[in-house]
Amino acid sequence: MVQSRSWRRVGVGVAAAVLAWTPVLPLQVSVANEPAPVNRQDCTEQRGYYLGILLRNTLLYNSDMYARTSQFELAAQSLNHGATLVPMLDDPSLRSELVAHLIGRAGGQPSTLDQLLDYYQATQQTETLLPLLEAIAVGARSLTGGYGVINNRQATLVRLAQIYHELGYADLARIQLDEAQSSLAALQGDGYGLLVAPMAETYAALGDSETAIALLDPALTLTRQMSLDSGSDRLAYQSDIFSTLATAYARAGEFTTALQIVNDIQHDGIRARTLIAIANDQPSSDPSRLIDQAAQQIQTLTPEERSPLLGPLALGYGQAGQWDTALRQVDQIQSAEVKIRILSELAALQASQPSTGTNRDLLAELVTTAQGITPFYDGDRLIEQAAQAYIDQQHYDLALQLSQQLDETLKSNLLQRLIPAASRHGAMDVAYEALAVMPPGWENQLYYLGLKEIVAAYAQAGQYDQALTELGNLRNTPYVPSYTQAQIAIAQAYGAQGNPEAAVDHLNQALQSMTDLEAAVEQELLITIAGQFARLNRPQEAIAVQTRLLAQDNYGVVSSMDALLDQYLRADHDELAVQLVQAVEAGYGRDRLLYQIFNHQLNLGDYGAAASTAEQLDDDRQKIVAWLTVVDYYTAAAQPEPALALLAQATAIATALDGVDEDSATTNPDRAAAMQMDGSIPYRDPLDRGTLIESIAMRYAELRDHETAIEVSRALRSPLDQNQLQQRLICYRD
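Numbered according to this note's numbering, the sequence shown spans residues 12 to 745.
Don't read these hints as lab results, they were simulated from the structure. Each statement offered as a hint is correct.
Ranges between beta-carbon positions, derived for each pair:
#1 Asp573 x Gly483: 34 to 42 Å
#2 Asp403 x Ala656: 50 to 58 Å
#3 Met99 x Asp189: 19 to 27 Å
#4 Gly483 x Gly383: 42 to 50 Å
#5 Asp403 x Met99: 32 to 40 Å
Pairs of lysine to aspartate or glutamate residues, derived as EDC-like cross-links and limited to a Cα-Cα distance of at most 16 Å, are as follows:
#6 Lys422 x Asp391
#7 Lys422 x Asp408
#8 Lys422 x Glu444
#9 Lys422 x Glu395
We treat Cβ as the ideally placed atom computed from N, Cα and C, and that holds for glycine.
The task is simple: from the sequences and hints, build the whole structure.
In structure tokens, the structure reads:
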């Protein structure tokens, strides 16, 4: 959840604890001495201002948070909610920014969408993503404006086409590409080839090489016409474009044209890199001819220019079956980190070929190279990265081989990651081999942890007989309850596969197995089991576990309630979440938990439920803030009636509040003194009466109810404040 730093400190009233967890909501805060606009050209705000803040700072942020905490179903719903609201924004630049975030071209990496793609492909539920992808496409098609915005529109549609193709929806991919073509006329210029190439490659991947080449030909003409008067940087830029076009022609099957373009490249290093790339796409029985040409180009370079090309050259020779030559390139690589990466990739390539003609143990060389790095932990890190790459690429046998050349600690860490990955993807032979060489740990705990993952994988694959057979070989220890965790995993699988009765049975068995466990371990398991009952929509069983948990909580009721509430929200079971909060006495803890439910409901677009949850808040000022947030979403969704109803309730509460209108450093000496000691204290209390009234008036203006907005402004006690607010309301008129 987004955290606010807006605390009221000593001297200006005891801090309202709820502000520590209140999301950053866009209230209309006045700044001292800020001049009010006297006409439209002086405006610094406009309609849609609040929704933009919410989408950028709250909704998309929370979607990313869901993905990072493996709550992928909630991440998909939240991201889809945000995507459907983007076309409602009036500001084209903001729309463009948010579309770039949605498609993953901006923001943290890996993006939320990329994480969702990985998850839904792994679980074979890609159809779940179709509404989200369509919402992003609608947002992209809504983009209009200058070069940057149109460029973003085109790039987003092409990326969507690539995603649809990857997921197996060729017709939908073609629709996005055809739509993207409409943007090309506005994008012609020196870099046109860089924009067209990904589109052409996607057409070619869909089997339409004719359209691909029709797109590439004018881009090639424009690139050859580029002015090179600006110097060597300009030449390198043109060479990069030629390289991109040559690779695209090769992937479209036009190898003759691709090789002709190589001759246009005047930068030797880029020419060599391009030859290697084309060789990888050349359906020739002798791709080494192109690799040899690349090697000749590389020899003309300085050592600094040559260094980054040795790795790709080695891989090119390896793919061509020229292993002795490939390994000679590896021997020339000076960077240990690069050498380890190339050895790792060559080992995977070597394993895929029936015969390589070399007896060199590439994995052993990889480990030896890493062991020569100081400090030693940098070498360990590189080995772990190579091993994780094998796991990610499903080269489980290579990851297992690599583990046998490591010390006990690294070996154990790698095998603990390998066993669940291999077993989930059906590589049970590798999983069992890894389990056999796993250092067992104290009381066989590591062995049991590995076997638990195999049980879970069998259950997820619907192979319950095998899962139950191995379940009998598991044991709990006081700190590692592998048997109980395996029972929960079997229950999860039954629930996901539509057998809730079997799931409930295994959850009950899990509860019965929880003997002689450490208190903290038992508490964590009870929380998980309650959450699983919530997912199965078995509220009575969930409440029974909840009662048992809270009765024996040795670590504080608040910590248990936080974790339990998180489980209920992960299960998207608002009713259980609300009943849990209702067991808390009014005050700080209750409002904090209610706000978590409120944010969850808003993230998923359930505005009515969010408004009802906000009404239960004990702090009237926080209630107003929450309602205003719901109003913003209603406004964006073109639902003015419920928005106006909430504003009327907020107005009634805000105008009846006690206290001064403005609690700021100007009006409150204690706040001014506190700010001198702590710069994080805001200049003005964001929840004072005046700020709340201003915020309500602005929302009325957003809804084009200017008469009521003016009426609300008159609730301010100072005529000067009333006048300033009324001047600002001018900005919201059409």
